[in-house]
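Visitor: Residue strings, one per chain:
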Amino acid sequence: MVFDSGAKLTADIIEQIANGLIATLEGYWTDADALWTTVTRSGNNARRVLKFNNGVEPVIYLALEVINTHTDYYYGNQGWWRKGRGIRVVFSSSWDATNHIYIGSTQSTFMAFEGCANCPTSDLATTQITYFQWIETNGFVIMGKPEPTGSNEQQSFIIVVERVPTASKEYADNLSNFYCYAAGNIWQNMYDGNWPVTLLRNRSILRPFAYQFPDYTGGGSWGQWDANGNGISFPPLPGYVAYKSIGNGKVYYIKPIINNQANQFAPIFQSELFFKWSEGVGLIDGDVIAVQGQPVKFLCKALDSPDNANRLAYAIKYFG
Amino acid sequence: MTFQTVVFGTVVVTGPGAINFSDGDSIPSGGYRLFIVPTKNLGNNPIDIGFTYVNQFGAIKTSSVTTAIAPNTTAGTRVQAVLESGDTGIRDLIGVSMFVGGSPGDNLSFESYNEGTGRFPIEIAKTDPFDRNVPGSHIFEPYLGLYKGKTIIIPNLTPELYFSNPAILPMQLIKSSITEFISELIINRGITSITIDFSRAEMVSWISEPLSTREFTGKDFFIFRSWLESVVGQVLSGYVTNTQNQIIKNAISLIMMSTAKTETAPTGASMIGDVDANTGLYQAFLKKLIYDKRYIIVQVATGKTVTLEGGGIPAVVDGTKQLPIPYNLQFECPTINCDFNVTRKQK
Chain B
1 MVFDSGAKLT ADIIEQIANG LIATLEGYWT DADALWTTVT RSGNNARRVL
51 KFNNGVEPVI YLALEVINTH TDYYYGNQGW WRKGRGIRVV FSSSWDATNH
101 IYIGSTQSTF MAFEGCANCP TSDLATTQIT YFQWIETNGF VIMGKPEPTG
151 SNEQQSFIIV VERVPTASKE YADNLSNFYC YAAGNIWQNM YDGNWPVTLL
201 RNRSILRPFA YQFPDYTGGG SWGQWDANGN GISFPPLPGY VAYKSIGNGK
251 VYYIKPIINN QANQFAPIFQ SELFFKWSEG VGLIDGDVIA VQGQPVKFLC
301 KALDSPDNAN RLAYAIKYFG
Chain Z
1 MTFQTVVFGT VVVTGPGAIN FSDGDSIPSG GYRLFIVPTK NLGNNPIDIG
51 FTYVNQFGAI KTSSVTTAIA PNTTAGTRVQ AVLESGDTGI RDLIGVSMFV
101 GGSPGDNLSF ESYNEGTGRF PIEIAKTDPF DRNVPGSHIF EPYLGLYKGK
151 TIIIPNLTPE LYFSNPAILP MQLIKSSITE FISELIINRG ITSITIDFSR
201 AEMVSWISEP LSTREFTGKD FFIFRSWLES VVGQVLSGYV TNTQNQIIKN
251 AISLIMMSTA KTETAPTGAS MIGDVDANTG LYQAFLKKLI YDKRYIIVQV
301 ATGKTVTLEG GGIPAVVDGT KQLPIPYNLQ FECPTINCDF NVTRKQK
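Chains as they are written, first to last, in our numbering: chain B, 1 to 320; chain Z, 1 to 347.
Just so you know, these hints were derived from the structure itself, not from any lab.
Some hints here could point you the wrong way.
With a straight-line cut-off of 35 Å between C-alpha atoms, the simulated DSBU-like cross-links for lysine-lysine are [as the list claims (entries may be wrong)]: (1) 219(Z) with 255(B); (2) 304(Z) with 288(Z); (3) 288(Z) with 169(B).
Since the structure is predicted, the reported quantities are computational estimates derived from the model, not experimental observations.
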């Protein structure tokens, strides 16, 4: 269990996450394919894939890929494509060791934080990402902010991959114990269902292998989508998601609720790695929240990006 | 080196000698010099002001000597507050102990200046001067092994100074852009030959951004789970019989119990249904539960009632799935009409 922050190239970040998960004491994570490395930084060649197996829950593969080609990821009928580079997260139920690719049930999201509206994107092999990151045996959460480049839709981002133990499930569902949440500070996600479903779509939540959201297969469903209420719920209290009491100085919050359907009616567990917080009600960027009665602490971060003043405000696990 | 200003409090003058004081931030240790800063130009009246504060050792002190501020002092002027003898700084401003003079509308901020956690840029990579008109990739010299890259100047752009966030950390990056090097484009765009120094200094990359130094206790609101006594079920009917499948007469009531603690019944649940004494037909409303015990109440010839426990088929009544009708229930009864000859032993 380790918190880390600094600035790294994207490939080095996924290398650190992969090695961090493998290094966890429980030994649930192993390298699934020795040919998936981050040695080559050009194209989409910097990548790692891990296998999770604790002997009890369903085996699952987690692929982390640097998409470093100038990639179409959103069209939206405006007459041109939004381009992006970034990190792709893929869950799969199996792994093709011969062809070195995910097979079986597969879910994916492409977090295009180096984005551009109808213009070039910059090389992630040379673009530094300032990051704040927690890694433990149950997954990782990372918030990042790219350095300024020539593109015009650079986003700060959050990616959460978390496993919640079976004992914490609300009911037995025979599904995996994982989910992935991803969001940017400009676009929560920009999903283009007007075009064929591919592994290059920007999704905000994956719940292997029940659903991924958004996941429309054509017919005009495109635009920015909000995951809140569509698979993950961030309950407000009632106007803010987390705030500091002006009465006793404590911080009050509710853990995000992950659902087994792309709605808010099938809660299966709550996250232990992150939650949203509200700016302007007592908390500021850099504050640390020590959870009452537990050793756990969360770090509040609010990241804008080089191209947008919107701030991505999440508290991520910091200690414990 | 830059420092983040700590605003310990503010004052708005509402009339001569009358103020509204607002408390501000504090620091957990050490002590900063206290400066009085008008946030707008002061009026024609001079001001004398004293404070109650927490000094650099954590002791509460009150000024015995006030600090004077001249009339018409311009906004932004810093006047260092006079503290008690031996005090070099404050951790917290508790309040204004004395205030004389001032004009309505005067605004004062009480804050630190040029002290605290300093932040400074660290150079992580640099190059020798190079001619941007000479095509070819240009390699950053790695510094401390932290960065290695390749850059090029986009033609016709003035090198710019970038900041990660002007309010927080200076990130100086004298550059035009970082992109892939395509020599042909540079030549085609007719670059004016300029030799520049490329240097890159960055703070956030190598030293973790300082935290706010504030830590709060958090309380997690639970999402409370609840039990739902389902009202969705089925109406079941059939005959009460003995284990030879003969209809039991004189039964008047049917009781079924779900004794297990389940997802929808935290402490078990029961059901009572009517039975026709003449025909043995019962009717009951089942919830989505498994009823593992059942009884019928039978009125015997003596006018008394006896209770018979379920036996035979079915072993349990599974209300979680649709059951066929009629659905007969067997009970441990030796006779058809259960007309027991019940006598009470006399004392």
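Visitor: Does each hint hold? Answer for all of them.
Guide: For each hint, the structure was consulted:
Straight-line distance between C-alpha atoms of residue 219(Z) and residue 255(B) comes to about 10 Å, which keeps the hinted pair within the 35 Å bound. A threshold of 35 Å between alpha carbons decides the hint, and for residue 304(Z) with residue 288(Z) the separation of about 34 Å falls inside it, so the pair holds. For the suggested pair residue 288(Z) and residue 169(B), the alpha carbons sit about 22 Å apart, so the restraint of at most 35 Å is met.
The structure meets every hint from the earlier list without exception.
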